[in-house]
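Chemist: As you go down the protein sequences, you meet chains A and H in turn. Mapped onto the UniProt record's numbering, the consecutive letters of the first sequence carry residue numbers 1 to 476. Mapped onto the UniProt record's numbering, the consecutive letters of the second sequence carry residue numbers 1 to 476.
What the hints contain is simulated information worked out from the structure, not anything from laboratory work. One should not assume that every hint holds.
Heads up, the list lumps identical chains together, so a pair's fine if it works in one copy or across two of them.
[Unchecked claim] Mimicking PhoX-like on lysine-lysine, the simulated pairs with C-alpha atoms at most 25 Å apart in a straight line are:
| id | residue 1 | residue 2 |
| --- | --- | --- |
| 1 | K52 | K251 |
| 2 | K408 | K52 |
| 3 | K408 | K442 |
| 4 | K21 | K251 |
| 5 | K21 | K52 |
| 6 | K476 | K408 |
| 7 | K476 | K251 |
There are 2 protein chains.
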Amino acid sequence: MADDVDLAQPVAPEELSALDKMPMRDDAGDIRPEFVEAISHAVQVADTAFLKEIVGELHEADLGDLIEALDADERAPLIELTGADFDFSALNEVDDTVREELLEELEPETVAEGVRELDSDDAVELLEGVDEEVQDEILEKLPLSERVALERSLDYPENSAGRRMQTEFISVPQDWTVGQAIDYMRETPDLPERFYEIYAVDQWQRWQGAISLDALLRARRPVSLADLVDEDRRRVSVVDDQEEVARMFGKYNLVAAPVVDIDNRLVGVITIDDVVDVIEEEADEDLKALGGVTSDEELSDNFWTIAKGRFAWLLVNLATAFIASSVLGLFEDQLQQMVALAVLAPIVASQGGNAATQTMTVAVRALATRQLNPNNALRIVIREGLVGLINGLAFAVITGIAAYAWFKTPGLGIVIGLAMICNLIAGALGGILIPMVLERVKADPAVASGTFVTTVTDVVGFFAFLGIATLWFGLK
Amino acid sequence: MADDVDLAQPVAPEELSALDKMPMRDDAGDIRPEFVEAISHAVQVADTAFLKEIVGELHEADLGDLIEALDADERAPLIELTGADFDFSALNEVDDTVREELLEELEPETVAEGVRELDSDDAVELLEGVDEEVQDEILEKLPLSERVALERSLDYPENSAGRRMQTEFISVPQDWTVGQAIDYMRETPDLPERFYEIYAVDQWQRWQGAISLDALLRARRPVSLADLVDEDRRRVSVVDDQEEVARMFGKYNLVAAPVVDIDNRLVGVITIDDVVDVIEEEADEDLKALGGVTSDEELSDNFWTIAKGRFAWLLVNLATAFIASSVLGLFEDQLQQMVALAVLAPIVASQGGNAATQTMTVAVRALATRQLNPNNALRIVIREGLVGLINGLAFAVITGIAAYAWFKTPGLGIVIGLAMICNLIAGALGGILIPMVLERVKADPAVASGTFVTTVTDVVGFFAFLGIATLWFGLK
């Protein structure tokens with residue numbers, strides 16, 4: 001990012017690392033194809049020393065990107081060649097499909113060795129997607145205590161706080177002083193890799209409060225931890241849903257939160273980096289759902305997997321398209337008498353569909369963030385209805401004039417205008433009420449709303465336009 | 001969250017706070033209407049003591065939610081009544097519209113008092129949206145040094161790191177020991193409210209490296225800071241875009257990053273809580289853009305503002321709908337000869353539009369996260385084309401059979417099937433190429449893609465279906 005402002009002294013050539021000599025990324029931040037080729041070549045000729053140097057210097061996130069950039073058959077050899085120098089947390093940065101294939105391909109011993117170096121949350125994330133069978137093979141190679149701990153975490157429901165938490169944390173008795181706590185941290189070799197706060201617990205490991213590191217550093221050694229403890233800090237229950245946890249982090253600006261079991265015993269900690277992943281995942285899911293794509297589709301999937309995944313939603317859409325067209329079918333005779341109606345009908349349907357999509361997008365997002373709730377639901381529904389009415393009137397005039405100018409049929413402008421008003425109001429109400437009803441019946445509004453909403457606007461649009469036309473022009 | 005597992009001792013009634021007696025939220029986490037009524041009543045009768053107690057106890061995020069739940073004319077009085085007990089960072093938690101109205105309504109003195117209590121990043125966030133004139137009035141009431149600092153931050157471009165950073169941070173000389181650094185923090189009264197790392201600088205305040213608090217706490221007092229410093233830590237330049245910064249935080253799991261100016265001098269720090277806001281904002285923007293809603297539309301806006309905001313996009317859509325219908329218009333005679341074509345044409349267009357939307361959604365998201373880049377673009381385009389072909393074939397068969405079954409016209413199934421294949425391939429290619437081209441010409445793919453993509457599928461859908469039908473059935 002700020003490399004262009006780096007005023008470091010020039011470095012002698014012999015001090016340059018392999019990465020300095022051959023940077024991974026170009027100025028735009030994209031991976032350089034030459035870099036991938038060099039790695040790929042080194043894998044083929046088994047240049048272990050070079051690979052270990054590169055792999056050891058790369059950040060786990062960059063290492064993940066490199067793995068994805070390599071051909072599928074070079075990934076496992078790279079990991080086997082670099083052995084203990086390969087940081088397995090890099091595999092949590094790649095697409096699920098790539099990770100799962102890779103873990104099945106690697107020797108269970110290699111994976112077990114890699115897993116042992118990870119924090120528990122990273123280890124769980126790594127293993128949770130792989131086949132039960134492969135998972136068991138890997139777990140078997142781990143020392144008993146680590147295996148038991150991982151199995152316990154994997155037993156929590158998917159997407160629960162228990163799955164996301166790391167079980168490494170620092171807990172101390174509340175009656176210690178700041179000095180005792182600092183000495184404890186200086187003397188304990190096996191602390192978590194990174195931490196932002198420590199927790200006070202009682203003799204049964206029950207949570208008493210949190211002490212942030214800055215508070216600890218500001219206080220003098222004789223001060224009692226009890227004076228620093230924040231007892232009001234928000235906790236998470238192991239069974240809480242990760243989306244709920246993410247919302248709490250965002251709302252209360254947390255960097256870490258203690259996770260407690262049903263007896264209020266401290267069992268783990270969730271940190272902001274995991275929460276950022278959850279926030280991005282959830283945003284991704286909502287966006288894909290609204291676009292009619294399943295949440296497990298990934299960029300690295302092959303065309304066959306993707307085509308199958310998208311088929312189901314297109315099939316539902318086809319069914320609704322036939323329903324809409326069957327409304328047109330009811331008016332076959334009228335369409336034949338006045339073919340302008342056939343030409344204009346899609347305009348009414350499309351305009352309603354787009355207005356409804358606007359409303360639905362806002363509604364789905366507001367439901368996800370809990371901004372739309374029983375307290376303001378009625379106000380928002382009425383408001384959307386009014387928005388539909390106003391834009392309905394505006395587009396009635398515009399479309400009416402355009403339609404008359406095109407076909408020069410007296411009355412056609414009025415007919416399409418009236419239909420436009422009906423359909424924009426229907427779209428607005430459908431766009432807000434359908435997601436709300438889906439949320440109420442515990443369905444995901446993002447996934448299902450689109451189909452229902454556009455069916456409403458297609459059907460109402462065709463029916464209103466052709467129905468009003470039939471009456472106005474006395475067609476039969 | 002975990003209140004249900006709280007095993008705290010029962011508390012004597014006289015120790016209960018106002019909030020304990022009258023909780024703000026119900027079990028589902030929604031604000032209780034009774035609570036809002038009680039506050040609203042207290043504002044009307046100016047029950048200052050009660051309001052100060054409540055406002056003092058609420059977290060800033062909850063206080064923000066309360067402000068939004070109140071009637072517009074009760075918000076300013078609540079703040080004026082509670083004075084110094086009101087935490088102005090709460091105003092950063094409300095919708096922009098609500099905040100801006102409120103800041104214009106409040107006395108500049110009140111706002112200036114509130115701003116003085118905030119960290120610089122919160123102060124900037126609070127002031128950046130209000131009118132220049134109101135902003136100047138508020139800034140005038142601030143002490144000179146604070147005013148100058150805020151004005152400098154407000155001078156950075158919108159959405160830049162300079163705007164998001166806080167200028168309170170801890171920098172120490174690299175040749176200090178751990179003991180000196182800890183003593184410095186214990187003795188300095190005016191430290192930032194929260195911090196996660198401290199920075200080593202040289203005598204010109206140039207950035208040397210970061211030291212995380214956990215590293216500091218683990219080390220013994222005589223250890224030199226130089227041994228703990230992470231010199232490879234990623235920095236941000238003041239002019240970097242906030243979206244770029246957020247991507248870096250997410251990728252490298254940061255909780256804080258130093259911000260340096262063009263001479264590599266440390267000028268501020270960006271923390272994860274601000275980044276989480278950015279991530280949510282950006283996700284929100286992409287989602288709204290794909291749904292045809294402008295990013296500044298807010299749930300608290302009135303119907304008139306919203307209707308105006310959505311009008312522009314609907315107008316663009318109307319124009320494209322007329323373009324699509326004009327294709328139908330080209331085939332007026334054929335439609336009259338065979339009205340089944342008018343009934344079925346929307347099915348072809350709709351199915352193509354939905355397939356294109358799937359592709360486009362994935363493309364827009366992958367471009368935003370940089371997963372789709374020049375290295376894999378060709379592979380992804382070919383893959384999407386194949387997906388379009390496969391689903392095109394599948395739906396050609398299904399739709400062909402359904403259309404024949406409906407109208408019993410020999411050949412109609414083949415005609416609609418061929419059109420379906422054409423349109424699904426066109427949709428797939430449009431869905432991927434249009435966002436890529438928009439990105440290349442520096443337009444936001446999320447905003448503009450939708451219109452272009454569905455125009456492509458409507459036009460191709462109608463043209464392919466009616467064109468093939470004209471040839472097959474020899475219509476004229």
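Chemist: Hint numbers the structure violates, sorted upward?
Modeler: 2, 3, 7
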